[in-house]
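K.L.:
One letter stands for each residue in the lines below.
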Amino acid sequence: MVVGRLFRVFAVTAALGFVAVAAMAQGENFITNADFEDDLWDPWVSYGPVTEDISKKADAHTGNAAMMATIPEAGANFWDAGIQYKPDIFFAKDTDYTWAMFMKADVDIEVNIKPELGMDPWTAYGEKRAQLTGEYQEFFTEFNVGGADVVPASLTLHVQFGKAVIWLDDARWYEGGYEPFDGSGAPQAVDPLDKAATTWGQIKSR
Amino acid sequence: MNGMIARLGAITLAATLSVAASAQDNLIENGDFEGGVTDPWGVYGDATLTLDASEVFEGSASGKVEVGAAGANFWDSGLQYNVDVTFTGGQLYTWAAFVKSEGAKNINWKPELAADPWTAYGEQMLAMGPEWTEYHIEFTPDSDVDPGSLTMHIAESGEDFWIDNARWYEGAYVAPTTTAVDAEGKVATAWGSLKSR
Chain A
122 MVVGRLFRVF AVTAALGFVA VAAMAQGENF ITNADFEDDL WDPWVSYGPV
172 TEDISKKADA HTGNAAMMAT IPEAGANFWD AGIQYKPDIF FAKDTDYTWA
222 MFMKADVDIE VNIKPELGMD PWTAYGEKRA QLTGEYQEFF TEFNVGGADV
272 VPASLTLHVQ FGKAVIWLDD ARWYEGGYEP FDGSGAPQAV DPLDKAATTW
322 GQIKSR
Chain B
41 MNGMIARLGA ITLAATLSVA ASAQDNLIEN GDFEGGVTDP WGVYGDATLT
91 LDASEVFEGS ASGKVEVGAA GANFWDSGLQ YNVDVTFTGG QLYTWAAFVK
141 SEGAKNINWK PELAADPWTA YGEQMLAMGP EWTEYHIEFT PDSDVDPGSL
191 TMHIAESGED FWIDNARWYE GAYVAPTTTA VDAEGKVATA WGSLKSR
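In order, the protein sequence lines correspond to chains A and B.
Just so we're aligned: 311 in this note's numbering is position 190 of the first sequence, and the numbers increase by one with no gaps anywhere.
Just so we're aligned: 75 in this note's numbering is position 35 of the second sequence, and the numbers increase by one with no gaps anywhere.
For reference, chain B alone in the conformation it holds in the complex (with noise of 0.2 Å):
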């Protein structure tokens, strides 16, 4: 009876776990590159893109962007995740992603209109440094915007930096979670098992 009991709250917790994670959808397809490509992510400017294997914050790759140079202007090159991208008007989201830079940047993150007049909401620079972290902003657009685009404009120096665990989804800043893991197998269900003997 006991096991039973043990074995049901260890099923519980994994499923707790399951609806943490699944709590922000993610609306980003490929944000942390392990899809064997950088698609559907896209470079502007004198900037390339490219998967890394040898920096990552978590998994096997990340993806990298290589600056030329510093622009004229800040807005010169970018970094865009904008395939199939609209936003709802009155409705809060986040975009959140893990950056790591070779030394000192700043980044202006931009969720946009992706035409002219590229109309900005909750726009942010933000300073990027050389240790993995999770930056995010939050942004609720006052109208829905069709097409529009996670843009970030990188041309403000030409250090190069890698990106990963990219996240965009409806709601507040939430900070990451647990993965959720299969409970047959796992931790929580071998103490199940074992207090039930």
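Next up, chain A with everything else stripped away, as it sits in the complex (with noise of 0.2 Å):
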């Protein structure tokens, strides 16, 4: 009997642990409206020649919406038309970030995901091209400004390589190395007794 209720003191302080462990390595995700669920763009905004739209469901990564965007050409330069993240950010000194989202477009587009210092001289953190195709990927990149704050920041993507449609989804940015996307944006905390860890105390407490 005491080994019993033990057992199950050992597994919920497990599960809690477990559950604050994957907390921990995933991160809180910074990004306000990341699935796009209330149909709206806001705080993202963009700049240069881009739509702003709301995607069908049919366009989701998950959920019911996602972003769309629609560039009409080529610009001189890629930088010319913009997505931007920038809600009063900033990226904190010696910190490791990942900035990671999904994408898709109707052709296959270049976009180039740009963390940056959101003033000139535009300094770039960890700024890597992405190659969209028709179907959603998950892309990221991992970045670490060094030895000073970088205020203002700006997670920007640059999209202005072609004519597309882009749509967006799923979208997170969090202290710490990359981890796959779990399928919600940010960790779900579990209630212990109705889980694995807890079922197996109770088998083995009988």
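Please keep in mind that the hints were generated in silico from the structure rather than gathered at the bench.
Honestly, I wouldn't trust all of these hints.
Not close to chain A: a few residues of chain B, all C-beta gaps over 12 Å, as computed [what the hints assert, rightly or not]:
(1) L67
(2) I68
(3) E69
(4) L89
(5) Q120
(6) D124
(7) T128
(8) G129
(9) Q131
(10) L132
(11) T134
(12) E142
(13) G169
(14) E178
(15) P187
(16) E210
Quick list of simulated restraints, FRET-style, between CB atoms [unchecked claim]:
(17) M240/A with Q131/B: 32 to 42 Å
(18) G297/A with N66/B: 44 to 54 Å
(19) D241/A with Q131/B: 34 to 44 Å
All C-beta atoms, glycine included, are put in the ideal place defined by N, C-alpha and C.
Make one complex out of these two single chains by using the hints.
P.N.:
In structure tokens, the structure reads:
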């Protein structure tokens, strides 16, 4: 009986510990409106010739909506049009970050992923190119801005490589290295009393 | 009689090699850096260009580009070939070069208008490595471009790199061909001579 109770306590503790570790591993998603389920772009913004829209469910990666951006033509340079997440954000010094998102397009086209200083000279951190296709893929960049905070900051996508419709969904920006998307975009706490570890503990205590 | 046919065949083979080599007229001068100077190549930003005889893909020299430090943006320094460069609208071009970098390095290859707004034509960010490798891009400007520039943006990192055997020509990419040789006195001709004896 005592052994069974101890085992149950152990199982609950282990489950809580697992949840805590899992949450720490993926980190808090700093992006609000990461899944566009409110049918809004805000606080995402665009500049240049980008038509802002929200997709129908069929074009969502998960849920019922995704960001939809129409670019009418190639720019003189790819950075002539962009999509940005920059609602008073900053990058803290000496901090590892990951910015990840799912994207697809109606044609094969590049997107330039650029965490940057939100003002001239638009200093780049972890800048990368993504090759979009007709199927959703998760793209990410890991970056660390070094010994000084970056204020203001911007998570910027340069999109004027050519004429295209681009969809974006399930964006994440968090502290730490890349972790695969877990289906929700954020760590989910679980009730340990319903979970496998607890059940196993109950069996063992019988 | 057989000897005459064999010799004729050898000369024809040599002529074929010559045609293959000239199929893509290289519009770049001093693409192999064998001219004893780095001109007409140039750099801007925190970078220097020198001849290097110790790291070559072929011949006796390559161009060594030393990058002082990573820039705030990858275009903050560059290597350019932009003397008397123009692009014809609708014309397919290939720009290729052998490159070797100290370590992993991304270089932005950008055929462009050599004036504001520096319009890009077929630019690509290519990943270089520490082994001599030929990289290339193809591009077709939608209109005439004058002045033009073959620009490599190199400030994504502070890694140095070397460049050799650069080519820019009309048409799609073709792997480098065997260098044309003088038919007289070469293996094919010698073999033809032997066969004719």
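K.L.:
Taking the hints in turn, state whether each one holds.
P.N.:
A quick look at each hint next to the structure:
Listed as outside the interface, L67/B is consistent with that label: its C-beta sits roughly 23 Å from the nearest C-beta of chain A, beyond the 12 Å cut-off. At roughly 24 Å, the least C-beta separation between I68/B and chain A is larger than 12 Å, which holds for a residue marked as non-interface. For E69/B, the non-interface assignment is confirmed: its Cβ lies about 28 Å from the closest Cβ of chain A, beyond the 12 Å cut-off. The beta carbon of L89/B is kept farther than 12 Å from every beta carbon of chain A, the shortest such distance being approximately 24 Å.
Separation of Q120/B from chain A is adequate, the least Cβ-Cβ distance of about 16 Å exceeding the 12 Å criterion. No beta-carbon of chain A is positioned within 12 Å of the beta-carbon of D124/B; the least distance is around 22 Å. Every beta carbon of chain A lies more than 12 Å from that of T128/B, the smallest distance being close to 18 Å; the non-interface claim holds. Every C-beta of chain A lies more than 12 Å from that of G129/B, the closest at about 15 Å, which supports listing it as non-interface.
Every CB of chain A is more than 12 Å from the CB of Q131/B (nearest about 18 Å), matching its label as outside the interface. Every beta carbon of chain A lies more than 12 Å from that of L132/B, the smallest distance being close to 17 Å; the non-interface claim holds. The claim that T134/B lies off the interface holds: its Cβ sits roughly 20 Å from the closest Cβ of chain A, which is beyond the 12 Å cut-off. Against chain A, the non-interface label of E142/B holds: every CB pair exceeds 12 Å, the least being about 20 Å.
Non-interface call for G169/B relative to chain A: holds, since the shortest CB-CB distance, roughly 17 Å, exceeds 12 Å. Non-interface status of E178/B relative to chain A is upheld: no Cβ of that chain comes within 12 Å, the nearest being about 15 Å off. Listed as a non-interface residue, P187/B keeps its Cβ farther than 12 Å from every Cβ of chain A; the least gap is roughly 15 Å. The Cβ of E210/B sits about 22 Å from the closest Cβ of chain A, beyond the 12 Å cut-off, so the non-interface label holds.
For the pair M240/A and Q131/B, the supplied restraint of 32 to 42 Å holds, since their beta-carbon distance comes to about 40 Å. At about 49 Å, the beta-carbon gap between G297/A and N66/B stays in the expected band of 44 to 54 Å. About 36 Å separates the C-beta atoms of D241/A and Q131/B, a value consistent with the hinted range of 34 to 44 Å.
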